[in-house]
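We have chain A already, so just place chain B on it with the hints.
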Amino acid sequence: MDVEELIVLSIAIFIILCFIFVESTEVFLVLLLLCLLASFELAGFFIPKEAKSVLKSMIYLLLIAFIFIVVKKALEVLK
Amino acid sequence: MNRKLAAGIFLLILGIVTGFIATLNANQHLLNAGIGAVVIGTVLIAFSFAKESSEHLILPYHEFLKKVAAFMEIKKAVYIPPFEGFPDGAVFLAASNEFEIDLARLDKGNIFVSGREKESGILLEAPGREIVKKFEEFAEVDLKGYGTAVSEICSSVLKALKLARDVEIFEDDGLRIAIDGVSFGFCSDECRLIQCPICSSVLLAATKAIGELIAVEEIRIGEGIEIRAKKLGGIEKWM
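Read top to bottom, the protein sequences are chains A and B. The opening residue of the first sequence carries number 1 in the working numbering; numbering runs sequentially from there. The opening residue of the second sequence carries number 80 in the working numbering; numbering runs sequentially from there.
Honestly, the hints are just simulated from the structure, not real lab data. These numbers come from a predicted model, not from an experiment. Cβ atoms here follow ideal geometry from the backbone N, Cα and C, with glycine treated the same way. Among the clues, some could well be false.
Listed next, with one range per pair, are the computed distances between beta-carbon atoms [to be verified]:
id: 1; chain 1: B; residue 1: G301; chain 2: A; residue 2: V3; range: 46 to 54 Å
id: 2; chain 1: B; residue 1: E152; chain 2: A; residue 2: K56; range: 41 to 49 Å
id: 3; chain 1: B; residue 1: I300; chain 2: A; residue 2: S57; range: 21 to 29 Å
id: 4; chain 1: A; residue 1: L6; chain 2: B; residue 2: D181; range: 54 to 62 Å
id: 5; chain 1: B; residue 1: R307; chain 2: A; residue 2: L42; range: 21 to 29 Å
id: 6; chain 1: A; residue 1: E41; chain 2: B; residue 2: N106; range: 32 to 40 Å
id: 7; chain 1: B; residue 1: N176; chain 2: A; residue 2: K49; range: 50 to 58 Å
id: 8; chain 1: B; residue 1: A85; chain 2: A; residue 2: V3; range: 18 to 26 Å
id: 9; chain 1: A; residue 1: L42; chain 2: B; residue 2: E152; range: 44 to 52 Å
id: 10; chain 1: A; residue 1: L6; chain 2: B; residue 2: G194; range: 50 to 58 Å
Within a straight-line C-alpha distance of at most 25 Å, the following computed DMTMM-like cross-link-like pairs (lysine to aspartate or glutamate) qualify [claimed, not checked]:
id: 11; chain 1: B; residue 1: K309; chain 2: B; residue 2: E269
id: 12; chain 1: B; residue 1: K145; chain 2: B; residue 2: E196
id: 13; chain 1: B; residue 1: K238; chain 2: A; residue 2: E50
id: 14; chain 1: A; residue 1: K49; chain 2: B; residue 2: E142
id: 15; chain 1: B; residue 1: K241; chain 2: A; residue 2: D2
id: 16; chain 1: B; residue 1: K146; chain 2: B; residue 2: E247
Only chain A is shown next, with the shape it has when bound in the complex (with noise of 0.2 Å):
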């Protein structure tokens, strides 16, 4: 098994252990954020370049949809 699967597999292995014991969709993307963010610094330079900016787009929804949470979350404590 090279590095390339290695990586695919351990981002895997969290999602699913993420969908067992996570219920709600927010604290899920939450978790796939930081997975992501986590893959990319631990394991940025084994990733190819052509991988690396499919990584970098889903990170970047991932954090427009992270800043929605937020903006949300706030909005329902100033409530």
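Just chain B now, kept in the frame of chain A:
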């Protein structure tokens, strides 16, 4: 389509469908499953498009050879089947379009061939010669005299080595070689003068199988690679 890409597309579609059903039923847990499948699918697809690391190894040498060819004002690449002193064949990079090769004069230790402008050029052992050895190892035959049927051997070995998907060789007054699914992404029309090990291996196998010298006329890059080459006659003609 490779397995990673197929699995990625399957997961992506499954995730979208699951997410859609989950949204209709207002089921958060199912929605999480859909999002998870979409993320894993996208990661798989992203990794399936990644270039092979071999490309990073080959590219600097390929660029270097291109610079040497530009410096020497090379006009044509001629593939020579095995002859005395070159058991694996060779490639002569001619400095003139109206080149003349005297095979009897060529020496393995003499890379730069000098003389009249028509005779000068660079003599190299073809970059794809080690892959040609793999072709012979696979087919358990010497490729000499095999003819255009050698394309099937090239196809099988290059596919097994994950270097290309399909090779076809058509013979008329010249040669037309089609190579599909090449794993290198740097192929361009400029490769007419200097070929990468994949194209070089197919050209060397063809020259060996046909038993004639081959001059590369044109390389077109479309969905695959199309090489047009001219047959120049057997070894005896050039001795």
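Need the status of pair K146 of chain B, E247 of chain B: alpha-carbon distance at most 25 Å? violated (30 Å)
Per the hint of 21 to 29 Å, is the separation of the Cβ atoms of R307 of chain B and L42 of chain A within bounds? violated (49 Å)
Would you say the C-beta atoms of E41 of chain A and N106 of chain B sit inside 32 to 40 Å of each other? Cβ of E41 of chain A to Cβ of N106 of chain B: about 33 Å, so the range 32 to 40 Å holds.
Starting from the hint 50 to 58 Å, judge whether the C-beta atoms of N176 of chain B and K49 of chain A obey it. violated (39 Å)
Assess, step by step, whether the Cα of K49 of chain A is no farther than 25 Å from the Cα of E142 of chain B, and give holds or violated. At roughly 20 Å apart (the allowed maximum being 25 Å), E142 of chain B and K49 of chain A satisfy the hint.
Can the restraint linking K241 of chain B and D2 of chain A be considered satisfied, given a maximum Cα separation of 25 Å? Satisfied, since the Cα-Cα distance of roughly 16 Å is no more than 25 Å.
Has the hinted range 54 to 62 Å been met by the Cβ atoms of L6 of chain A and D181 of chain B? Since L6 of chain A and D181 of chain B have Cβ atoms about 56 Å apart, the given range 54 to 62 Å holds.
Starting from the hint 21 to 29 Å, judge whether the C-beta atoms of I300 of chain B and S57 of chain A obey it. Given range 21 to 29 Å: holds, Cβ gap about 28 Å.
Under the criterion that the straight-line Cα-Cα distance not exceed 25 Å, is the pair K309 of chain B, E269 of chain B satisfied? holds (18 Å)
Quick check on a hinted range of 18 to 26 Å for A85 of chain B and V3 of chain A, using CB atoms only. holds (21 Å)
Within a Cα-Cα threshold of 25 Å, do K238 of chain B and E50 of chain A meet the stated pairing? holds (22 Å)
Between the beta carbons of L6 of chain A and G194 of chain B, is the distance compatible with 50 to 58 Å? Between L6 of chain A and G194 of chain B, where Cβ atoms are some 56 Å apart, the hint holds.
Of the hints listed earlier, those the structure fails to meet are numbers 1, 5, 7 and 16, in rising order.
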